[in-house]
Every structure is written in C-alpha cells, then in structure tokens.
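Visitor: Residue numbers (the numbering used here), protein chains in the order written: chain V, 1 to 330; chain A, 1 to 460.
Since the hints were derived computationally from the structure, they do not count as laboratory data. Among the hints, erroneous ones may be present.
[Claimed, not checked] Pairs of lysine-lysine, DSS-like flavour, derived with a Cα cap of 27 Å:
| id | chain 1 | residue 1 | chain 2 | residue 2 |
| --- | --- | --- | --- | --- |
| 1 | V | Lys-128 | A | Lys-107 |
| 2 | V | Lys-128 | V | Lys-322 |
| 3 | A | Lys-128 | A | Lys-167 |
| 4 | A | Lys-128 | A | Lys-61 |
| 5 | V | Lys-185 | V | Lys-322 |
| 6 | A | Lys-336 | A | Lys-253 |
| 7 | V | Lys-128 | A | Lys-99 |
| 8 | A | Lys-200 | A | Lys-167 |
| 9 | A | Lys-310 | A | Lys-336 |
| 10 | A | Lys-147 | V | Lys-323 |
| 11 | A | Lys-200 | V | Lys-322 |
| 12 | A | Lys-200 | V | Lys-185 |
| 13 | A | Lys-336 | V | Lys-128 |
| 14 | A | Lys-253 | V | Lys-322 |
| 15 | V | Lys-323 | A | Lys-253 |
| 16 | A | Lys-167 | A | Lys-147 |
| 17 | A | Lys-107 | A | Lys-167 |
| 18 | A | Lys-99 | A | Lys-128 |
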Amino acid sequence: MDWMSILQNSFTQMVGVAAVIYCLAALGVNIQFGYAGLLNFGQAGFAAIGAYAVAVLVVTAGWSLWLAILFGIFGAVIFGLILGVPTLRLRADYLAIVTIAAAEIIRQIVRSVSLNDYFGGSDGITGKYAAAWYDLNPLPSGIDIAILRFSKNDLWVVLNGWTLVAIIALLTWLLVRSPWGRVLKSIREDEDAVRSLGKNVYLYKMQALILGGVIGSLAGVVFAMASQSVQPDNYSTTLTFYVYVIVILGGAARVFGPIVGAMIFWFLLVFIGEFLNNAVRAGYISSDILGTDQIGQIRFMLVGLGLMLLMIFRPQGIFGDKKELALDER
Amino acid sequence: MRSGFQGDVMAAETQRPSKRPSQPQTDWARGLRRVGAAVFGLLLAGGLAVGPALAADTGLKGALTDPATQSGVAGVVITVTGEGGVNESATTGADGTWKVTVPGAGKYDVTLDVATLPAGVGLAEPDKFTRTVNILSDGKVQTVLFKLGGGTGGSGGSEPADTKASKWSQIPQLTIDGLIFGIVIALASVGLSLVFGTTKLTNFAHGELIALGGLLTYFFNAVVGVPLILAAALAVLASAFLGGWFQNRVLWKPLRRRGTGLIAALVVSIGLGLFLRYFFLFIFGGQTRNFEEFAGQAGIEIGPILITPKDLVSSTVGIILIGLTTFWLLKTKAGKATRAVADNPALASASGIDVEKVISTVWILGAGLAGFSGIMLGLQVGVSWQMGFTILLLVFAGSVLGGLGTAFGAILGSLIVGLLVQLSTLIIPTELKYVGALVILIIILLIRPQGILGKRERIG
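Work the whole structure out from these sequences, hints included.
Guide: Structure below.
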C-alpha cells in the first residue's frame, strides 16, 4: 500500500480540474434546484453546449477563443429558453423528463456519424484550440509538494477555475439576498402565494433556469479548455447525476454547498478508487472477487447508493437547512 | 484504436440501415465503458489533461465492398487533395481497403476514380464520386465511405430513382418493426404509468426492471440451463417478486410512510437506478449477449415483410399480456380499485379500498410486464447491463404522450412512439432515430402537456 501516493492523488483531485468543472456545474444546479426548486436534469447538455461551442468554432470555423466562449454562453441561453418555454408552466417532474431528454438529444447529435465533419463523431475533437489561453500562463512550472501535484498547465487551469468559482459564488450570494433571490425562494416554497402577489412566476423561473444553465455551460468551457479535447460521452446523464450528488451532499440552497460538496465528492471518489486499486494490487483483496477494471463500477454503485441514502436520511446535506428545502410538494 | 471504433460504427450503419435498436445500444455500452475507463485512467494519472494524440497517424481510410458478392473491390484508385497542397493517391488492396496519410487536420477532397472500377460495379450514387471530408483532430484516421451498387463503372443510369422506390417500399417492414418495438415500450410503460398514477412517483429506476427481466432470463437460460420459454416464465415471476413486491416493500412503502416528498422520491429513484445499473455491470460484465436458443433465427417472409418467428411469438404474447391487463383494469374488482386509487387516493381510501394493497399489486404487475418487455428486447437485440436505461426515455415519451398516469394512454402512446422511431428512419439517419422520438416528446409537452388521454388537472 502506497499511502503517500493515495493521499497525494486524493488531495490533488479534491481541488483538481475535475472538482472545478463539477463545482461550476453544481453552482448552476444549485440556483435552479436549490433556490428555485427547478429539476434541471439536463446540466450535461448545457455543459456540452459550452464545450462544443469552444472546440467547434475555434477548430472548424477559426473563430477566436474568446468569441467562441461568448457564443457558448449565448447557446446556453437559447437552450434554456427552448427547454423552459414548454415546461416551466407544468409540474416539476415534467421539466425533469424534458431536460434529461434534451441533454440526450444533444449528445446523440454531436456523436452521430452523419455530422462527423462538424463534431467529430464519438471521438470528438482534439486540438490546440485553447492555446490562446495557455499562452497567457505566467507560471514558471507546476508544483509537487507533499499532498499536491499539478503540472504547469493544470495549475493554470485550477487557479483560473477556482477564481471563476469564487466570482460566481459571490454573485450567487449577492443575487439570493437581493429582492430577486427572495422571490425565487418564495416560488420554491409556494408558487401560488407568489403569483397572488402579482409576480410573474414563469419569468422568474425562466431567469433561474437560464442563469443556472449559463453557469453549466461555463463548466463545459473549462472542461474543453482544460483537456484540449471534447468527447460526447463525457456529457452523458452521469455528469448530471454526479452534479446532483454534489449539490445535495454540500447542501442545496447554500452558496458554499456546491463548493464543499464538489471537494468532498472528488476526494472520496478518488480515495476509494485508489484505495481499492492499491488493495487489489497488493493482494489484500483477491482479484477473483474484484478485478481492477471493476473498481470504477464499485464507485458508480457507491455514488448511486450515496445519492439514495443522502436523500432519505439527510436531504439537507452537510450545510443545508431542512426548512429551506421544499422537496415535498409540486 | 479510436479509428477502429469509428469504423465499426460506420460499417454497421451502412450494412443494416433499418434494424431495431441494437446499434445505439452497443454504442452506448461501449461509449460508457470508454468514459468509465477514461475517467479512471485520468484519475490514476492524477490530472485531467488529455495530451495531443499521436500526430503521425492523421489520415483517411475506407473499404470498398461489392454489394453483390460481399467481397472487397481491388485496384480502385482514390485521390486525396487539399490543405497544404496535398495530392496523394492510394489503390485499394485485395480486401478493398485503402488508406492515405495526410500531414494534419483540415479539409480534404477525396475522389474515387470511377474509370478504375471493375466492370459490373458502380457507385450507388453515381454523381457522388467526390467527398469533402473535414478531419477535426490531428492523429485521427477518418473513415470515408463510398457506397457501391450494380451497374457499370461511370454510368449508373436510373439508380437514384431505384433507391427512392426502395425507400417507400420499406414502409410495411418499418411499420411492423415499429409495432413490435411499440409493444416492447408499451409493456414497460404500463407499469411506469400505473405506479405514477397510484403513488405519483416518477420512477427513473424503471429501466432497471426491464433489464432485470432480460438478465434473469439469461441467467436461467444460459447459466442454469433451463429452456428459454420456461426461463422467460421464471424470469417474469422473479422480476415481479423481486423488482415489484420486494422493491415496494423494502424501499417505497417505508418512504411513503415517512412522508418523503415527490421530488425527493424522484432523486432516490435516480440513485437506485444508478446503483442497480452498475450492479448489473459488475455481475454481468459489459458485453451484449444472446440467449442460448433462437439467437440467429432466419426470418419468414409474409408478403412485403420479413419477421422472425421469435418476434412473432413474443409480440403475440406481449399483446395478450397487454390485453389481459386491460381486461383486469376494466372488469375485475381489483382493477377497478386500482383505477379508483389512481383517480383519487384519498377518496378511494375513504370508500374502503386498501390503498397499500392496490399499490403493492400495481408494483407486482408493473415489474412483471417490464420484465417481459426486457425479454422481448433481449430476443431482438441481445441482453446487456444497460438495455433498460437505453430505452427508458422512450418509455417516458410513450407514457407522457398517452397521458402520464393512465394505463391505456401509456399503451397507445408507446405504440405511436415505436412507430415513430422506426418510420423516422425514412427521413433521418438510423443512428438518430431515438432523437426524433425525444424531439416529439418535447413538442407534445408544448402543445398538449396532459397527453392524448390525460386529464387536464393532472398536470397541475
């Protein structure tokens, strides 16, 4: 058992690139699900729009990176409108079905063979399209200290990523304590009461859906720039399910919930994976019972089980307030 | 390795333009495993960075196959021109394959020299001897397809008219395929819709009940060694017990007692589905397998349509099961009680109906029917760990189209979705046929959110 490397990998991933990406997506879902009570199960679709906008527009159309990012955000706004118009007047579970279907539509389209020339099929697109951003990197080298190890590029991604997270968290904090945020929370608690006060509930829900979606598309942008490649199957429903685990783990309707949730989630996920992997290799667990290729499956099972148990026994997560969660009606 | 994967998909798509969902399903399975492996691999590496692929290997490739003999066509010259003054040629080998290496990503024109085609072989679409291909990533070998047909090299004559006619003559076959697929969806959606009607649970783990039926049948059939028909019966009973009665007793009934809200229950079902799916993968492995019997059955021709006996028998049984369910709902006391609970649980309870008993019955019935739907699907496209999740959204589409909460609506809606999925391949590429159905789902919600048979107030 190489405890040092297990811990180093776990702590690195706790604040690593994956944690940044999932944290951003979770910040978006927190606005939708936590504050407005909207069940958006299509966050993977929003992320895919951001990621593909960057990769496709820079690689095939030759746009500048910054313009492509703006276009990705614009795409997320349009996608939010398309999803919101038919469903936001209906009960919450209809939105869940439609958003999960829409995210699947996007993934199937970008991975289709017929559109290979634009989206690269199931292989996606790999290229140096984020070079303009990596060129700005002033860091002399990566770091490798006791518990953290980042390459130069990863360190640049992580530093920028957490800065973005901090800005969005600050904006969320300002927004939810504004009058707008109070209306949003009261819609979650009792839609009819808000409507009878003369507020346009539909409009507020739409704004929340779009705002959360735009943040989700930024997660995709960071994903695409960090890995310099996009692959359609990275944007499957599993991404959305992970994001919900993160939001609920940290505590929905708490500004810091998604951030803490993402860190704990990735620490545990990597730690369990590394631990089992080391245990199998060292012979503590017989490889007849558990092959190294099955460790990923065990982790998925634990995520599913964790989501169930959290929702049943501690729906408010670590920091949440049970009174603030309107999970019973609508 | 990557390009090989790509090639497989394309080859399969062109050989079997209108087969039932096998293609997307295996795609998905493979895709997800790739993601799993990729995520795991990158975690081991300790970072997300996916480095640039090997630049040495960028290129174009393909294979020419004579449709008449199914053998490769040799000696055909293919020229690639484009980006950076590239002008390379290749000649197909004995197996019909060719490959051209290019310096990097970019746009290339690929031209097939029609004059070099052997006599009796021509392009299926004679005017399409040049393709413009866009290679998006360095290090990618992209497959370019030239579809061959009969006729002499160069002059295809009336080929386009022929392909158009054959397209329309596919309608009877696609209709039958669509109806059979619709029955598969209908069997699953009855349970989903009834559970929703009686408990208001939007069950995202319903797909796993479909998979359970298929996997249990495979277990009894291939592992225990029971004949398939008996194995199917055992599997339906076992999934009704395990997936229905047991699941309700252990999970949902206690949750109802605790007063768990609708959204919380929905999220729980997502967690359960995720857990079960990877549990199936853990036990069963990632490959798609067939039952021991009837795997490669030949079809029988009835007029313009081709149908395998196994599909004929299994869909007849499916229709009988749907008929029995309908009869049960309409004519028996328990069925009437079920509809009463679905309509108004409080009133039903007040008039002396044991609501919990009805819910338990609905779970048993729903899980059994979903199990049989999994067996039908397994007969058609093989059994895999996520066969249920693959069609879950279509099951939802069928239920929502007919009116969520109504059993008859679910059946009607599912048949329509099944037909839509198959018939849409006339217009859109086969690989996108599920997308068409999902787009319809969204449009239905826009126009008539309560569905065809649903009541307005149900959608709140």
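Visitor: Now look at each hint and say whether the structure bears it out.
Guide: Here's how the hints hold up against the structure:
1. V:Lys-128 <-> A:Lys-107: holds, 17 Å
2. V:Lys-128 <-> V:Lys-322: Roughly 46 Å between the alpha carbons, so the hint for Lys-128 (chain V) and Lys-322 (chain V) is violated.
3. A:Lys-128 <-> A:Lys-167: Given that 27 Å is the threshold and the Cα spacing comes to 19 Å, the pair holds.
4. A:Lys-128 <-> A:Lys-61: holds, 17 Å
5. V:Lys-185 <-> V:Lys-322: holds, 14 Å
6. A:Lys-336 <-> A:Lys-253: Measuring from Cα to Cα gives roughly 22 Å; hence the hint holds.
7. V:Lys-128 <-> A:Lys-99: holds, 25 Å
8. A:Lys-200 <-> A:Lys-167: At roughly 43 Å apart (the allowed maximum being 27 Å), Lys-167 (chain A) and Lys-200 (chain A) break the hint.
9. A:Lys-310 <-> A:Lys-336: It is violated: about 34 Å lies between the C-alpha atoms, which goes past 27 Å.
10. A:Lys-147 <-> V:Lys-323: violated, 63 Å
11. A:Lys-200 <-> V:Lys-322: Cα-Cα ~22 Å, so holds.
12. A:Lys-200 <-> V:Lys-185: holds, 24 Å
13. A:Lys-336 <-> V:Lys-128: violated, 64 Å
14. A:Lys-253 <-> V:Lys-322: It holds: about 22 Å lies between the C-alpha atoms, which stays within 27 Å.
15. V:Lys-323 <-> A:Lys-253: At roughly 24 Å apart (the allowed maximum being 27 Å), Lys-253 (chain A) and Lys-323 (chain V) satisfy the hint.
16. A:Lys-167 <-> A:Lys-147: holds, 16 Å
17. A:Lys-107 <-> A:Lys-167: violated, 32 Å
18. A:Lys-99 <-> A:Lys-128: holds, 19 Å
Against the hints set out earlier in the document, violations occur for numbers 2, 8, 9, 10, 13, 17.
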